[in-house]
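Chemist: Each protein sequence line maps, in turn, to chains A and B.
Number 252 in the numbering used here belongs to position 252 of the first sequence; there are no gaps in the numbering.
Number 31 in the numbering used here belongs to position 31 of the second sequence; there are no gaps in the numbering.
Hints may contain errors.
Claimed, not checked - DSS-like cross-link-like pairs, simulated, lysine-lysine; straight-line CA separation at most 25 Å: (1) B/K70 - A/K278; (2) A/K278 - B/K64; (3) B/K64 - A/K282; (4) B/K70 - A/K154; (5) A/K23 - B/K64; (6) B/K70 - A/K342; (7) A/K277 - B/K46; (8) A/K278 - B/K68.
Since the hints were derived computationally from the structure, they do not count as laboratory data.
Here the structure is a predicted model, which means the values were calculated and not measured.
What follows is each chain in one-letter form.
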Amino acid sequence: MNLQFNNKKITGILTVLPEKEIKFEDEIDNYSFSSSQSMKLKLIMGYNKRRVVKENTTTSDLCIFGLNYLFEKKLLNKDEIDGLVLVTQSPDHFMPPTSHIIHGILNLKQDMVCMDINQGCSGYVIGLNQAFMLLEQEEINKVVLLNADTLSKKVSKNDRNNNPQIGDGAAITIVEKDISNSPIFSSVKVDGSGSDVLIIPAGGFKMPSSQETSILKKDESGNLRSLNHLVMQGDNVFNFVQREVPPMVEKLLESAAVTDNDIDYYMFHQPNKFMLKKLASKMGCSEEKMPNNIVENFGNSSGATIPMTITFNLGNKLLKESFFVCMAGFGVGLSWASLLIKLENLTFCEMIDFK
Amino acid sequence: MENFESTISEILEVESIELNDYLESFDAWDSLTILSIIAFCDSEYKVTLSADEINKSETINGLKELVKSKM
């Protein structure tokens, strides 16, 4: 489905990196791979180091730390927030919404829209679309979009499909009304028949966590996992992304009447380097235009990887320069979504460390 | 499909392969090798394979026939 928005803009992006750094080499013994196989895995997938939270740090902690940083630096005024949208799959609790916990601790005003959205890898584009829709309202002038996850806690240390790439993190994006900006084009797609391709089977209301669901079992590739852990059908995800994402982006460019030459950067969700390289080659775009350096430095933090890519690769450049960017997120759901937007004159665009 | 055998042997990290070789008999046979084969067949032949189909094809020839059947 095509969506279009007018007179909206992104005015600031902050990403928050959690406290713990883990090196790939330090965990090789966890996997049922020989060390040469593991080094091949590292080389092809582009694994190196990743950032994860400590045991007691939650999604709300990461968001509150980032928001307080913005308040203290006077980059964001509390009273101007008319909407708070948190996209996460690792809420502090099932109830209440984590966005409300953040609202309460930061003592935000009552007159606002506050909501959680359960989306993963496509969550940045989905969240931006939601923020743009809220801004259609007369009384809503500024929306704070939060993308945060701490899914490392749900990945088995002995699962070489997921553990070497999983990262945690948060992103804060300020979205505002704007009178001068060019239209924003978006495309969203869903295939719920693939809802079991990426799943945490136990821990919800259908299958509550129990002693039984925490028993580790070996899969046919030798990975140890329990029903409380995240499980992914890697080949299905790979095929889905290669099949669906290039045509979606092609149609998005068509609908905006632009070509690859007009795009400065493809800021895509980053599950691993291999996936991004194959996507670039299938789309016929240069690898320089599609940064793939997030997983090797910080890990895959789900909906936060696109803003991480922007803050890490462009950073302060976006305060002065202007870039036409194509974003795309894809994964759990299955859900895939893309967005064409001009990024320029941001008030801030940086990465900070959670302390 | 003239470069099929040469690319597959490269992915399997051996100098040459025979059509009746069993896939599981190669030292390099693992999930990463399977993913490399999926990516190769996707870009070279526009054929989508699943890990399960590849495993069930058993031999180099079985794999080749599987790709052909989808072209």
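Chemist: Holds or violated: are the alpha carbons of B/K70 and A/K278 at most 25 Å from each other?
Modeler: Holds, at about 21 Å.
Chemist: Between B/K70 and A/K154, does the CA-CA distance stay at or below 25 Å?
Modeler: Not satisfied, since the Cα-Cα distance of roughly 37 Å exceeds 25 Å.
Chemist: Verify the proposed pairing of B/K70 with A/K342, using a straight-line Cα cut of 25 Å.
Modeler: 41 Å, violated
Chemist: Is it true that the CA of A/K278 sits at most 25 Å from the CA of B/K64?
Modeler: This hinted pair holds, its Cα atoms lying about 22 Å apart.
Chemist: Taking 25 Å as the top limit, are the C-alpha atoms of A/K23 and B/K64 close enough?
Modeler: Violated. A/K23 to B/K64 sits at ~39 Å, over the 25 Å cutoff.
Chemist: For B/K64 and A/K282, compute the direct alpha-carbon distance and say whether it is at most 25 Å.
Modeler: Judged against 25 Å, a Cα distance of about 22 Å means the pair holds.
Chemist: So if I understand the rule, the pair passes when the alpha-carbon distance is 25 Å or less; does A/K277 with B/K46 pass?
Modeler: Holds, because 17 Å separates the two Cα atoms, which is no more than 25 Å.
Chemist: Need the status of pair A/K278, B/K68: alpha-carbon distance at most 25 Å?
Modeler: Holds. A/K278 to B/K68 sits at ~22 Å (cutoff 25 Å).
Hints 4, 5 and 6 from the list above are not met by this structure, while the remaining hints are.
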